[in-house]
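Undergrad: Protein chains in written order, with the working numbering: chain A, 1 to 327; chain B, 1 to 268; chain C, 1 to 271.
Be aware that one or more of the hints could be misleading.
Only part of the chain A face toward chain C is listed, based on derived beta-carbon distances under 10 Å [to be verified]:
| # | residue |
| --- | --- |
| 1 | A142 |
| 2 | D144 |
| 3 | R146 |
| 4 | E149 |
Chain A stretches covered by chain C per the calculated footprint, using a threshold of three residues with CB under 8 Å from any CB of chain C [unchecked claim]:
| # | stretch |
| --- | --- |
| 5 | 100-114 |
| 6 | 259-272 |
Rather than coming from a laboratory, the hints here were simulated on the basis of the structure.
No residue lacks a Cβ here, since even glycine has one placed at the ideal position from N, Cα and C.
Okay, here's what each chain looks like letter by letter:
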Amino acid sequence: MPTPTVIEARAVRRVFESRKGFLFTDVTRTEALRGVDLTVERGEIFGLLGPNGAGKTTLTKILSTLLIPTSGEAKVLGLDVVRQAAELRPRIGLVLGGERGLYYRVSARENLRYFADLFGVPLDQRAARIDEVLERVGLSAAADRRVEEFSRGMKQKLHLARGILHRPELLFLDEPTIGLDPKSARETRKLIRALIEDGVTIFLTTHYMFEAEELCHRLAVLSKGQIVARDTVAGLRRLVGGDRTIEVEAYGFEDEEIETVRRLPGVSRVVSEEFGPRLRLTLRIATSETTPDDVRAALASHAELTVRERPTQLEDVYLDLVEEEAN
Amino acid sequence: MAGAAPGFWRNFWANAVLSPRTTLGFMRIDFVLGTIFVIPLMQMAFFAFVVQLGNGSVAETAFVVVGNAVATVTYPSIFSVCQTTDSEKQQGTMEHLLVSPAPRFPLYVGRGLVPIGISLATVTVGLVYAFTVFGVPFHLSAVGPLAISVVLSAFAMVGFGLLLGGVALYLRTSIILGNIFLFIGLLFSGVNFPLSQFPGPVQYVGDLFPLTFAVDAVRDSIAGAPLRVLGLDWLYLSVSMAIAIGLALGLWRTFERRALTTGSIARF
Amino acid sequence: MATALPTGLAPSGLRSTWASVRLSVLQFLADPQWLIPSMIAPVIFGIVSFELVVGSGPYYLVYAILGAGMMSMWGQTLYGSGWATGQDREYGTLEPTIQAPSPYLYVVLGRVLWNVISGLIGGGIVYLVVVAAAGELPTLDNPLLFAGLFVFVMFTLASVGIVLAAFYVYTRYAGFIQNIGEFAFYVGTGCMFPVIFLPWWTNPVSLVFPPTWALDALRYASIPGYQGFGWGFGVDLAGAAGTTAVYLILAHQVFRRVERHVLEVGNLSEY
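If we strip away everything but chain A, and leave its shape as in the complex, we get (with noise of 0.2 Å):
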């Protein structure tokens, strides 16, 4: 029976040191990761977001054997990411996308039979398998080409085509739709959602919300190197206070009228800033005894005042939480 966690980070630290000057060396050290402890669980799809520098990749690459962390401990499929890391490669599947890591001269086939044999895929299957790989992400079409004649979005799905040719159990993906146009980063994401279907555990790291809304059983927020939240969607909301969202928008607000706002009941949270010539207050309302009439009333000096309503997005949750852990 496969244990239900996949992946078990405990106190994950990473320093990256670079070097400058010949006779006197200038150390400089980076802190990526200051002590992540993490749990996804088998069949999950979980979404790590952070801003850039956050350390997402760093903690992509330890989780997937590309590098070891400084100090913690991290499990993957029950195996030491350090330690057994030969054992655990067969098992994982990473993607890192971008313009590199690909062999330019030779064709989209040609990689995946290259990765393929170095992955193992049995070899009565991986004829096979690679055209259903590239069938899967889009590339029948173009699997005899070069890869140097493909445009971004191609070498992006001839990426996503590599990280599953050997069926792997837990795929790592970081940032899968970067580069791809609307309808490619569509078709991918319903590739993911049909690979949970196939058992497959998905990693993911993004830096579009509405794609980890929508893709997202679990979600994790890195902010320099630590993780500040982590829990469902709903969850999240809950943790900045709650799903609703009124915003107000005047010619300024005197600091007793935000006060005001703010004891009203189920305000949670009052965010104040500026939007042109205009002041914004963002309220986090968690149940739904205050509406914006209610606001409305409690700012009724303004002439010009604006209020609406709206579900909390992931992306209010995301950059209250950044925002947090900045401040």
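We have chain A already, so just place chains B and C on it with the hints.
TA: The following block gives chains B and C in isolation, referenced to the frame of chain A:
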């Protein structure tokens, strides 16, 4: 404000100093020192021992040692200039250079400045080895002519490197060209044996490459040749340098157009 | 449910090596300009070598063939293997290849095999060029033994090439270090002249390299009266086999350590 084409010197400086730092891996000081101090010594020793194997005379050893001291200039001149182009393609910065409004002359020629410096140092160190380690006879009165010969050689060879670097815009890599001309130099430029050993017209193949004139000029300088002979050597070197740089500019323009037409700029 | 490979079942080394040979050939064919130096270098080395040793004795042709052959094979076998790893860095393919379950050593082995084949073609060209320049065949008592040992020398070179390739995984600067060391290797292993020509104190360093032993054995076998180190053909052959074995074992260890090191440092994506 919209960008304007940068001035000549600003452009030249950026390409002479900044570009090599980003595109030449060997700009690490330890590799530069290795190129200057180790390669000449080993290459000269290698051929000196081969002459010894063939029971060669002291004069033959001196011939080979000096020839190779000059030939080592190929590494910093041709290879490094070729490598800047290759690196720009691999890093994907070549396309950005080509869409920039920068005038092409300082853009391309500027890339030769650092290699010229390293070339000068390499040949100088090679010649010091020739006189001290391999015992090639040398008179102090030769210092002046030798200095002129070395400087002209470095400029001419880097000009030739720029010429090959231009082709790299179109080819996937120009390192191959660098290799070919390194070999051709060893064979047709009179580095290891007098060109008179070749039959008739083959003796003149080397006249297509500045290395042939560089080797002649340095050998004549060491031998204390009269100014009439040296003047002719320097004239040949200067002309070959001017032709190389002129052709280089033409080639860069031609291959720039060709690369943009075929899309080969993104291939490496 | 996905049908992943059974746990811990990495592909066979033979299959990975063959995949690597195949990809090397495809990449070589995709960029035919590499054919030019592969053909030109042996021709030029052959002529230079011939001109330098012509008239130096009855066996000058053997010296010319050996010297030029070694120089062109260095380029193909030693340099080529490491260079391909350097290219993996440039393409960004080093990361996915290292992440694959197959040890990277097998990938390198495939490249080395391909380079041995192309190196032997270079050696053949050298032979033809030198014979054409001299207008006569070399005096060889046992041509078959000469040919066999020539191939053996190539494998000793390949064993050094494998270890060198590890440095290309280790650092992006390996190519420059190898450039600097190229002529030092020619001198140290006596590819063109007997190592005994060198100062005695350099001999222990030379003997660390398998080609030094193998080349000496080759000269014993092809030049009557050849003295070399003076310990005879058998010792040279055993020394060559022994040091090659050491290099192959070393390669296994070096690759393990280097792979561990690059995963610790995190420089696989640097180029």
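Undergrad: Each of the hints needs a verdict: does it hold here or not?
TA: Each hint, compared with the structure:
{"no.": "1", "hint": "A142", "result": "16 Å, violated"}
{"no.": "2", "hint": "D144", "result": "12 Å, violated"}
{"no.": "3", "hint": "R146", "result": "7 Å, holds"}
{"no.": "4", "hint": "E149", "result": "12 Å, violated"}
{"no.": "5", "hint": "100-114", "result": "holds (count 10)"}
{"no.": "6", "hint": "259-272", "result": "violated (count 0)"}
Taken one by one, the earlier hints fail for this structure at numbers 1, 2, 4, 6, listed in ascending order.
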